[in-house]
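The listed protein sequences derive, respectively, from chains F, U, H, E and P. Here numbering that gives the first Met the number 0 is used: position 47 in the first sequence is 46, and no number is missing along the way. Here numbering that gives the first Met the number 0 is used: position 285 in the second sequence is 284, and no number is missing along the way. Here numbering that gives the first Met the number 0 is used: position 228 in the third sequence is 227, and no number is missing along the way. Here numbering that gives the first Met the number 0 is used: position 154 in the fourth sequence is 153, and no number is missing along the way. Here numbering that gives the first Met the number 0 is used: position 171 in the fifth sequence is 170, and no number is missing along the way.
These aren't lab readings, by the way, just hints derived from the structure by calculation. Keep in mind the model is a prediction, meaning the values are calculated, not measured. Among these hints, one or two may not hold up.
Copies of the same chain look alike in the list, so a pair counts if it works inside one copy or between any two.
Stated by the list, open to error - In silico EDC-like cross-links for lysine to aspartate or glutamate, where the CA-CA straight-line distance does not exceed 16 Å:
no.	residue 1	residue 2
1	Lys292	Asp258
2	Lys19	Glu86
3	Lys159	Asp14
4	Lys255	Glu232
5	Lys19	Glu156
6	Lys178	Glu232
7	Lys292	Asp157
8	Lys19	Asp124
9	Lys159	Glu86
10	Lys217	Asp113
11	Lys159	Asp124
12	Lys224	Glu149
13	Lys30	Asp258
14	Lys292	Glu304
15	Lys287	Asp72
16	Lys159	Asp258
17	Lys292	Asp106
18	Lys159	Glu179
19	Lys292	Asp72
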Amino acid sequence: MADRVQEILSWYSSDNAGTKTNIARLLRHGKLAGTGKLVILPVDQGFEHGPARSFASNPGGYNPLYHFQLAIDAGCNAYAAPLGFLEAGASQYAGQIPLILKLNSHDTLHDEKDPMPSVTGSVSDALRLGCVAVGFTIYPGSSHCNAMYEQLRAIAEDAKDCGLAVVVWSYPRGSVLSKEGETAIDVVAYAAQIAAQLGAHVIKVKLPTAHLEQAAAKKVYESAKIPITTLAERVKHVVQSSFDGRRIVIFSGGAKSEDTHVFEEARAIRDGGGFGSIIGRNSFQRPKAEAMKFLHTIMGVYSGEMQ
Amino acid sequence: MADRVQEILSWYSSDNAGTKTNIARLLRHGKLAGTGKLVILPVDQGFEHGPARSFASNPGGYNPLYHFQLAIDAGCNAYAAPLGFLEAGASQYAGQIPLILKLNSHDTLHDEKDPMPSVTGSVSDALRLGCVAVGFTIYPGSSHCNAMYEQLRAIAEDAKDCGLAVVVWSYPRGSVLSKEGETAIDVVAYAAQIAAQLGAHVIKVKLPTAHLEQAAAKKVYESAKIPITTLAERVKHVVQSSFDGRRIVIFSGGAKSEDTHVFEEARAIRDGGGFGSIIGRNSFQRPKAEAMKFLHTIMGVYSGEMQ
Amino acid sequence: MADRVQEILSWYSSDNAGTKTNIARLLRHGKLAGTGKLVILPVDQGFEHGPARSFASNPGGYNPLYHFQLAIDAGCNAYAAPLGFLEAGASQYAGQIPLILKLNSHDTLHDEKDPMPSVTGSVSDALRLGCVAVGFTIYPGSSHCNAMYEQLRAIAEDAKDCGLAVVVWSYPRGSVLSKEGETAIDVVAYAAQIAAQLGAHVIKVKLPTAHLEQAAAKKVYESAKIPITTLAERVKHVVQSSFDGRRIVIFSGGAKSEDTHVFEEARAIRDGGGFGSIIGRNSFQRPKAEAMKFLHTIMGVYSGEMQ
Amino acid sequence: MADRVQEILSWYSSDNAGTKTNIARLLRHGKLAGTGKLVILPVDQGFEHGPARSFASNPGGYNPLYHFQLAIDAGCNAYAAPLGFLEAGASQYAGQIPLILKLNSHDTLHDEKDPMPSVTGSVSDALRLGCVAVGFTIYPGSSHCNAMYEQLRAIAEDAKDCGLAVVVWSYPRGSVLSKEGETAIDVVAYAAQIAAQLGAHVIKVKLPTAHLEQAAAKKVYESAKIPITTLAERVKHVVQSSFDGRRIVIFSGGAKSEDTHVFEEARAIRDGGGFGSIIGRNSFQRPKAEAMKFLHTIMGVYSGEMQ
Amino acid sequence: MADRVQEILSWYSSDNAGTKTNIARLLRHGKLAGTGKLVILPVDQGFEHGPARSFASNPGGYNPLYHFQLAIDAGCNAYAAPLGFLEAGASQYAGQIPLILKLNSHDTLHDEKDPMPSVTGSVSDALRLGCVAVGFTIYPGSSHCNAMYEQLRAIAEDAKDCGLAVVVWSYPRGSVLSKEGETAIDVVAYAAQIAAQLGAHVIKVKLPTAHLEQAAAKKVYESAKIPITTLAERVKHVVQSSFDGRRIVIFSGGAKSEDTHVFEEARAIRDGGGFGSIIGRNSFQRPKAEAMKFLHTIMGVYSGEMQ
């Protein structure tokens, strides 16, 4: 299985040994260690949606230590959160779980059509907190995309100098897109490509629908008969769009939904050659015992222990 | 009682010993020393509202030394003010009261819907003035929130490097919020969460009302039956929203009002598990003898010496 | 033949030896080595148009390594791409083909009249990836042209300090121009001049039509009887407009079109004294064997081996 | 008593409020708080003499936490130590005792006539560890004195900028001095003057003997009939030599000796107007209970509670 | 067993989470993971003694990859080497073994009495190579010790800022010491103390003999009856001299010797409370299979699996 990790690392041949080491740490930790698959726990909803919407359904989650412990106990590959949440536990849990510091955040007191997050952490913060990677969100389609891309460019250069990995959340948003368009297969594939071109080591996108948003793209998808009917086909296309599978692409679970539905999605991610999931609300918004069972099922799907 | 201070310091385990020392200084000074409770005197109204509105009712307050002496004589935990006021007395009163330098300020010659304060001091200023902490105001909801969050990010990184503590005034404001919304429980809890995620050691918010501003939040508060009927319940919710009580949260007294009303609020803060008050206008806008009696009553409520 | 390279280098006499070395590397690589002619493979369409539109017709192109190998096997002078694509292969292919790192990129999720690309790479990136040059796109005519010119100025200064060459894509665009105007001979010649004045070592423009866009220019073209009837004449005028041929000017192939048409254009470029072509979609959007044959024909035209 | 602290602070009128605050913290902590007298626990012998010579007689002292606790429990004004010893406990004991980081250290594996310590800490270290002051040793008389003075100059400038106090250990040493000369009254007074002129806020010297080392000085002491017969007289002269008593001068206890002798010295320091003692080996090289009784006796002498 | 790691981390409470994470990585890797014991493979002899003296007896060792693989296969906690050796394999072996970059090195083309190594790497190198720690050698006793201590001070401050751990090789040397004195128990204990005071997280010393070098120390060892007869007693004393066992102290194997002798030493290290061994020549100067058996025996002694 370790061979799979070596294979993945070979795709990042321009990166220094430090960055490769930290990518390896992501891939060699937790229940999926060595499989080349990842399940990451992200908890940035406190900032993104507010505390009650995030934690009221399972109040243990108000406590930042809860999420460290959940990620460790469930055997996740990593735990990702903004500065405050990581500062609150990084010392106690030092060395127990790879950490990803999210360097920008966005609140929903505003409801802009063209969102623009704030930079809320630094590469130095990531080093002092012992993180393996920095995380950064871009909103392709937002009228502010240039600002985000350029912030990411500077942060990624700095992070790579320091031997850290770069994880990019690439979420199409903005007034030029229809609501459906945000998860359209052409747009999601495009968002994955942009993140890859910007130098991301790990790309996180939403699971795409079969909708085609852009006319110019629609023409190509139809003429080239790109298969996008099933979710697995669409995952496969997104992975292909991420340097023909030579970048790690993981998919977000999105809002809380039926477990069977999420497991179905995990199977599609697996079958389409996706690298795993980043699952926040579906895991920390339920009691811990249930969350662990839920996460283990998903991990089982990825590892092949479960169907 | 010192055990309570040690317990509070344990929440800041990622901070260096210098920052812990300065948080300890806040918690070990004045009449409430060692109780884990704080009453802080802030005098930034001269900048925020102009001199006459701030000091005419008790003209002694025009003199910056007045406020140092008031904070000392009343046994406050700290005195917070902008650059000019601190420069005017920091040498005379060196070592007599922990100081917090407010690093941004906003005047009301303009009356914008979306306020944006100026950065009016630096971390170096705080060091040369002997402060234990820097203070910074953010207005979540303002269209300028990104600029404020990013200023705070840089300042907090610098302050923590130098062993200072970071106190964040988090006041929801902006054209997206109704007037009522600025103190709505969902919005205030969100503002506290944002400050905590941005790395604040001490968070200052306004006392919340039972109003629910955001539709998405309202749904959760109602379905999860989060108790917000009494002020104590709301305080408890804000404290919970600040990393489950693992960050110091204090509440502002707001505009001048009836003493009995303020004492009632202090009891609610105490009963809800709040860490204390930051009381400006209600203290310095009355004769000093009355102010001291007034502040001692509030301290008595927190220390348990009074009901 | 080497004399031609020496002659070209003599035009860049203010540049340091490092930059001259890198221009020489461009001119002494591949099938056209020493001829003073260039055929460059650019692959920035993944970012500019999205992955499916770029690579679905020849899916090998999803893989970043494909393009390195194509450029090498076809004997191109250089391969140009954005950060992600170069990072994905620069180490494996180190020293096998001169690389140009495109430092700004633009996606088409938006469709602005006045485009403004993002800066997505740095001169440091170009150095660590072993590039001979940086590439930068300007859109003369865009309302954002100042921002682009100033970014280019800073980047070019930095690149020249480090001994890199500067390749400028100069594409007239913007609400002030008609669609026809973007390729009008007066406008294209003007765009070439601007790039040259901004310090470009290599200028890339689109092949111009005989349309004249600007009234003031039209008057001159007509009164001075500047010959612009044939494509070769127009190429000659653009080359003249680029410091009387003392800057390397190459022409883009544009969207995919009939091969005979492209060969016709190459002959015009040759006859007009152009320095070569930069050919993306016409080469990588067809099977590799066909692409090589296609590129070799063009190179044959330039080298004189073919008519 | 606080008036005495205010009086002392008035001597440092050119210092910024931060430095004054930290001097005040030294003077307002412990059993002697407010008296203007200090007893400081220094533990740098581990570095200076080696661990066994320092700690074998009371093995608890091998543990760095022992000394923090001893200084706290005995009510010392401050605890001074090199980097390693402070790093080992500064977080646990944050805010419980003013700390002085010794910024240079010297080992006795060599036995040079002209010693030169190493710089082993920085002002940044002092800030991150929450110190009130930096400590620095100079050896007036050493052939390396320029190097030490110039290191001190730079460190003191930096420390004062950051609001820290500067404590200088001024120990005459070097091949130009006889063994007796190291504690000769003329030489010790001179060493105190040098430290004061170099900008020290607190000066630490050894108790002087009546020996006169330098011929030129001897002449003056005799012609001016400077009283130096009793230890109290000599202390008075050293204090006078430190800007007429306008700098804090404290005296070292030296090697372990009879308690009655040390108490006698404390009385002489008190009677001569000295500001207190810095007592290392005599306190930490005996069982803690005895050490506390011993230190309380000395503090009693200074506070006036004991004869 | 993990509790032991947590206990050890608690001693480094002033360090940031990053440094704690990297110390944890050392302690949680290899066959001794979680035991609190370490066996580290160091290969700096190529620089220190020349290639033939280092590698001729087992020529595989001329190849830098050999040592990475040996450390991995044998289950060492870490591999330590100078820049060149690490650069030669850090990318291939990324993430497979914690690395320590030795930042200074000394060759034996000279044979000074008072050695002074060169600084041959940087903290930035350590980050880009993915190291968990930097290593630095000091020679207490050398007339150049100040220069080394001050280099270490600057490097350690930088490393700690970046979240790296600091490993100090503390080897008494210099014209002031007899040959016997270099491993005398008083001198080795002193060297360990100096490293600890300079802020080392991990201290490496040679196994001490019962010889007492310094007269002043001899007196104390005899009067205090410090037990130093057996090697285990001496190890215990060195551990005590390293902040009463609150710093990780490991012992070097020294020149190649009889296996039974080395195992005997390992038992003494274990019985004396030492934290493990750093074993170079005894492991890489023999065939790999033998080396692994040899190292496993030592690890077995530490883990308790062997007597």
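Could you tell me which of the numbered hints above are not met by this structure, giving the numbers in increasing order? 4, 6, 7, 10, 12, 13, 16, 17 and 18
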